[in-house]
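Trainee: Chain by chain, the residues:
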Amino acid sequence: MEEGRRMYGLLKKIFPIYRHLTGNGVRQTLFILNAFLKKECAPLISIKEIPSGESVFDWTVPKEWRIEEGYIEDEKGNRIVDMRDNNLHIVAYSVPVDEWMELSSLKEHIYTQKDQPHVIPYVTSYYSERWGFCMSDEKKDALLEGRYHAVIKSELFDGCMTYGEAVVPGECEEEVFFSTYICHPSMANNECSGPALAAELVRFVSRLAKRRYTYRFVFIPETIGSIAYLAHKGWLSHLKGKMKCGFNLTCVGDDRSYSMVETRYADTFADKVLSNVLKYQTKGCYNRYSFLERGSDERQYCAPGVDLPVVGFSRSLFHKYPEYHTSADNLDIVCPSGLQGAFDAIKEAICGIEHNYYYKTKILCEPQLGKRGLYPTFSQKHSSDAVFDMSNFIAYSDGKNDLFDISNITGAPVSVLYGIAEILEKEGIVEKHASRCE
Amino acid sequence: MEEGRRMYGLLKKIFPIYRHLTGNGVRQTLFILNAFLKKECAPLISIKEIPSGESVFDWTVPKEWRIEEGYIEDEKGNRIVDMRDNNLHIVAYSVPVDEWMELSSLKEHIYTQKDQPHVIPYVTSYYSERWGFCMSDEKKDALLEGRYHAVIKSELFDGCMTYGEAVVPGECEEEVFFSTYICHPSMANNECSGPALAAELVRFVSRLAKRRYTYRFVFIPETIGSIAYLAHKGWLSHLKGKMKCGFNLTCVGDDRSYSMVETRYADTFADKVLSNVLKYQTKGCYNRYSFLERGSDERQYCAPGVDLPVVGFSRSLFHKYPEYHTSADNLDIVCPSGLQGAFDAIKEAICGIEHNYYYKTKILCEPQLGKRGLYPTFSQKHSSDAVFDMSNFIAYSDGKNDLFDISNITGAPVSVLYGIAEILEKEGIVEKHASRCE
Amino acid sequence: MEEGRRMYGLLKKIFPIYRHLTGNGVRQTLFILNAFLKKECAPLISIKEIPSGESVFDWTVPKEWRIEEGYIEDEKGNRIVDMRDNNLHIVAYSVPVDEWMELSSLKEHIYTQKDQPHVIPYVTSYYSERWGFCMSDEKKDALLEGRYHAVIKSELFDGCMTYGEAVVPGECEEEVFFSTYICHPSMANNECSGPALAAELVRFVSRLAKRRYTYRFVFIPETIGSIAYLAHKGWLSHLKGKMKCGFNLTCVGDDRSYSMVETRYADTFADKVLSNVLKYQTKGCYNRYSFLERGSDERQYCAPGVDLPVVGFSRSLFHKYPEYHTSADNLDIVCPSGLQGAFDAIKEAICGIEHNYYYKTKILCEPQLGKRGLYPTFSQKHSSDAVFDMSNFIAYSDGKNDLFDISNITGAPVSVLYGIAEILEKEGIVEKHASRCE
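Protein chains in written order, with numbering that gives the first Met the number 0: chain A, 0 to 437; chain B, 0 to 437; chain C, 0 to 437.
Treat the hints with caution; some may be incorrect.
Derived Cβ-Cβ restraints for the label pairs, each shown as a range [unchecked claim]:
(1) C:50 x A:387: 27 to 37 Å
(2) C:385 x B:99: 32 to 42 Å
(3) C:371 x B:418: 51 to 61 Å
(4) B:385 x A:239: 28 to 38 Å
(5) B:59 x C:304: 54 to 64 Å
(6) B:207 x A:95: 50 to 60 Å
(7) B:255 x A:343: 52 to 62 Å
(8) B:59 x C:40: 52 to 62 Å
(9) C:281 x B:206: 54 to 64 Å
(10) B:129 x C:40: 48 to 58 Å
Since the hints were made in silico from the structure, they are not lab data.
Computed from a predicted model, the values in this text were never measured in an experiment.
Ideal Cβ positions, reconstructed from N, Cα and C, are used throughout, including at glycine.
So here's chain A without its partners, still in its complex pose (with noise of 0.2 Å):
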């Protein structure tokens, strides 16, 4: 659990935080993740700025946002709503408003979410201006006519769009990489558990004593910020040339269930390691969803033309979890076991892909296990049990398998497989390949 208390610790540090798309909420994020990884002697994030205004694909980087203050306040002055006591209560991006109307026309620039009437619902407006207040439906129900006084003091103007990225390189130039995204307000589970794992991983493949792969961790707002990551400096044909497999860290701090989102066909090495991974660490019990459930940045890395090889990874997904983009999203949903459950999980895939390759037998027929002491030196029922699986690893080891298809196939764990990969390589029995062979 070590690892759980630790990103739960940071994650509530970086919860109040006001972030948005842009903005210094982004940059003091960054700013405590790296505070953590210099603490931890890990490499630190490097910030990136991508000036609004700068064409990525088919958008447009957006101005930058400041808000000062945002309220409403009655005709004896009371608060109805304040953004100090919940960064929510602003339809983000809002443009500037100060002005007294009736509650009629207060009510127009309310959201609330009408299914789940006591939260305050998560909006934004980037692409449109608008000015809004969100509440919960409740509250606005028992408002009384009147006159309010709506004020934000905000601004919008031509800055940038922060972002971070961390490297640690490996012997080869291949790369696993992960996504997770630093562009929401204070909502725990979507998206604080995302970061707060993502640098636990920076910490984690750091101290790795050997590292074959080169590992990538983004930091970005959502949906824009992955097509600006993509698009800017034509970084996308890098990234195809180079990347192993990806996963999309997002609501990875309940401890309710574990998800996967396909990639597109479902047939990357990404969906496989992701896969045969949960298989394992949930006895089957997670959920697979196909890329038609997507809804976090897998939508962009997946994309037809992009075709990266990045799954989503999730413990309860969004969309299929209640407190999803509402304030009800809040500490208590995330615990450091739900945190720990996905480290987890991802440190089981970071460790199979270091460790995996196609082996091929060097012997025909079965080797003699027996004069190398890894067979019972006699015969009886049940006696070969325990090497049922080293068997299984050999019968397997024809040169067109990996190690999550060996897996697949013969229901032994890859960790379990990596250890007797080394020692029947060791013996001489087996030889490994970086590719398929025949």
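Got chain A sorted already, so can you dock chains B and C onto it with the hints?
Mentor: Showing chains B and C alone in chain A's frame:
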């Protein structure tokens, strides 16, 4: 229900005609169909004749058959059966007889359906000269001992086998093909419904504002008709080069179920189209029969070496409904709504085929639908549900899928997808291709 | 049941012999089998010897073992166990011992099957020098304190490993292969049934009026025997070039179920043949085990790089029946009907293989079966049911399917299909091809 009622009216007109493999019954039927088409200002059916004795693949076009009278009378002159009461009473292609005989001798020439004692079975003897009467098993059992006069005034002579063909040309030479048959006497579902639907479809496609494909409809005697059609003057090779897909229409008038008969390997475009259309029309509750359940002219169109992409389409499939090939297959078991459902399915298929292309996005990552007014300008939980189908369409517009593939992947009917495709093409988001492209 | 009774008689003759991996038990067994074959005027088994110490792939042919006496006696001279009572009492390949010892020391050399306290387990120690006795766990528990005399008069010496091979030549050099083993002491199902079935099959194929394929039968010690067989003088490469398919016969004498063990990827001709035959013989109620359930010489034949098309065939599979590898695997659990069922399955497989070709129709559209007397001359509902299999056979005679494929598609057993094939070939309707053709 307009089409259903029109087809039902036409079906009733052709029901009483005494059709058999060849002869005037076939010709009369085609005249009635042409009268219908003329009234509807639709292209007419060309009437073709193939002479008796022509070799067609492994078969020979049989002699033409003509019958004037057919009855059995007892010693008192009571007519036990008379073809004027029901044209199923005579074994089709019976040779002439005019003979008094004992009951026991007569019985050797009486055919009944033992497992359905109330009905008159439909019996033919096209390729072996015999004479016979059909009646209900009850009636046969009730016959008293005595002498009976069997009279069939018929003639087999060198004539022709008649069939009809209507072609509605389109922009390209590729063809969509329909086949139905006109050789059955008074049975309503099998087979007055097929020609009625085919005629209505001639009307329908001729009125399309724009026709991409050429439509070919054949009205033929079953088995020998389709064989002769394919063999005559090497017509098969013409069809093979041009046929996009085809549908064999039979038993399309009742209201009990929807059925398709797959091609030999269920792998043609016709299989893809019809299974997709029926899935949505019936919410998945249709009968998908393998080629092992074949029984109509798909037997010829899908024979090895012929290999035309023709599926069978029916409401209740021949063999599967109890009235099949008996006098119980009468006007009571067909209805306007049954015919309408069949028409709707084929219409949906035609519209899908006409609009079908492979689509490829022209934009990397998701296009910004919002700036084109295709996406809500603010984002809140559930706000993007409305663009679910559009978003999925784009996600699978990678040049590998046509509309039917995308429909099968995403769960949206093709009729929804081509609406979306049109918008997205106009917006410059996707481009269409006539064939798969990577 | 003729074959079943004959095999049961033979099985009973070889049951009492004290067989082990090498030595006179193996030789005696082969003599008995040859006496049987001679009496039946069938080809004899050639007896081969491979010298101790020969390297065979990763293994070395072990020394030959001879045993004269083996018993434990107590201080009063009572024999607690004696190999003369049951030849499972001695751990096979025990080194000599002649020693008085306390019960506690003796117990270190006693092997029992704790989960089956009434039975004597079958234990071997071929590749590590030790001595030991096997008895029921009950008996061991009842031993009184005191001194015991352990006596094993055995000898390990440079000799030979013996095996047998019978070849029945056919018209072509392609071979159908059978392997069974002769290294087990008195156990009936595993493994006196295998050699009994194999000998009966030698008789059967030698009496075939016409043999398209060559049949090869090997009678070998398990594991080291098959490894040595494949390795000796490069025999593997001979087999790889010629083997059409093969069957490993083991545990074929009980009457409880039918089982097959697939090859590694379940994709060979042997898999296709045996699964097809068992499906019809058992109406689908057989056990189809994946290669993960392997346990006999399919382990060698299907090892990576060896890759021979050999499936395992059993009634109740080793591991799956409780008496396996114990004294309870005695004559009570095998029976003539069990052996007969096994024989019938393999006979069906052989007949199918002998008759198997790819078929291609020579006629476009359906052939006119009626004019050849193969179809009813009149048509009425259900009248064509009788030609259902023939009609399906023609429909899938497109050069892509062999008889087993057509059987799998159409649901008709291969034995029905080759009857049909013969008629249709004679009628000039189809032609046969040795290999797939399009």
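Trainee: List in ascending order the numbers of the hints, as given earlier, that are violated by the structure.
Mentor: Violated hints: none at all, because every hint is consistent with the structure.
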